[in-house]
Each structure stands twice: as C-alpha cells, then as structure tokens.
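Engineer: Those protein sequences? They're chains A and B, same order as listed. Residue numbers for the first sequence follow my numbering, so the first one is 4 and each next one is one higher. Residue numbers for the second sequence follow my numbering, so the first one is 1125 and each next one is one higher.
Since the hints were derived computationally from the structure, they do not count as laboratory data. As the structure is a computational prediction, the values presented were derived from the model and not from experiment. We put the CB at the ideal spot given by N, CA and C, even for glycine. Heads up, a few of these hints could be off.
[Stated by the list, open to error] Among chain B residues calculated to face chain A with C-beta under 10 angstroms, some are:
id, residue
1, Gln1133
2, Gly1165
3, Ile1213
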Amino acid sequence: NAGVTQTPKFQVLKTGQSMTLQCAQDMNHEYMSWYRQDPGMGLRLIHYSVGAGITDQGEVPNGYNVSRSTTEDFPLRLLSAAPSQTSVYFCASSPPLADTQYFGPGTRLTVL
Amino acid sequence: KNQVEQSPQSLIILEGKNCTLQCNYTVSPFSNLRWYKQDTGRGPVSLTIMTFSENTKSNGRYTATLDADTKQSSLHITASQLSDSASYICVVSAKEYGNKLVFGAGTILRVKS
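Could you build the full structure based on these sequences and the hints that come with them?
Structural biologist: Written out as structure tokens, the structure reads:
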C-alpha cells in the first residue's frame, strides 16, 4: 500500500491564482481531512469528509473548497490564492471511529 | 488561548540521554490523548494513544503518561537516538465537539552525537 499520497510536494503561486492540491489513499478509509500547519501553531482542520459525496467545514475553511467523488481521492482547491495561505498542507485518512489518522507527506505552498 | 500547550518549544540533548516532553491541556471532557512524531518534511506519525482511564502507555523507548486530574501528559524518551530528532505533537480529542482533534504546536527535539 502507498498509504496517503499528496501532490505536488512544493508549489509557488502568485496572489489570485487558483490551484488544486491532490490527495489520494489506497487503504479504503472513509474519513479524510485536510489540515494546514503554520509555524508555532498546531495543525488546523480546513475541511473533512466522512465518506464519498459528504464533506464539511473544519476550523479554517475560508478560501478553500473540497469535493469527494470517490473514496480514494480528496482534492483541496484554492479559489484565489492569498499570501495568508502560505503554509504546509497535510491530508489525512482513517477508518470510521478509528483512533489513529494516517497523514500524507505534505505540500509546501508559497503564495507571493 | 491554545487549548493544548506543549513545553519546551525546543530541546537539544546528547545521544543516549533521556528526556521528557510536557503537554498541558484544557480540553474537557476528552475522548483520548495522542502523541505524534513528525520528522522534518514528513507528516505526523502516531506514537501512542491513551483514553481517559489509562495513565501510561509505552511504544518501545517512548512512554506516555496521563494525569486526567491535572490535565497533564508527558512523553518520556529513553536512551535517545539521532533518529529521535523530530517534532513531537500532543493531540487531544474533544468529546464535546464530536471528537474534534485539538493539536499542540509541538516540541522540536534535536539529538546530538
């Protein structure tokens, strides 16, 4: 199993550009989520999904969209990138009611 | 105020030495408390998870303790190795908010030879 994969690993955007961060998992996990990690702060939940076709907002959803058309994929879209979205983004997955989440390797995004 | 506070922010120790990382939380009631290890440039990986009724859990050279009365947890690393250099993150699952995870900012540990 590849586990949780994320692409790209690094990305530089200009203010106002849009892009999609990809996340995929091959463990048939129903629960998937997106976090951002900023220096000196804990990971913060952006959006999450409890299954295909179901998504919900987390703690910091503004400026981001998600969709979950399949169990495997959970892309995160930045609609109009802003410098405040410069961060490291992590995707995670877990089976329902499981205690442990499995994290991807992260995408480092810089918005100029 | 952050509901999960970790100390110290960073720590440097010599290889072979022991160390203890602290986590204080205000999240209440909680479902469980987890410790994750995050290597530089990687995602967090689970080390231990403890429920309210457990007060210690080990994973090799890592031992986590939990005092639910004082709302404190610690992660003790025995006989440190260079590969222990990483950020260690304390995470509390908030029962009141549907088991939402509240992350601490982490302690950065550097083990020197």
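Engineer: Hint by hint, note whether the structure agrees.
Structural biologist: Hint check results:
1. Gln1133: Since the shortest Cβ distance to chain A is 8 angstroms, the answer is holds.
2. Gly1165: holds, 7 angstroms
3. Ile1213: Check passed: Cβ of isoleucine 1213 of chain B comes within 7 angstroms of chain A, closer than 10 angstroms.
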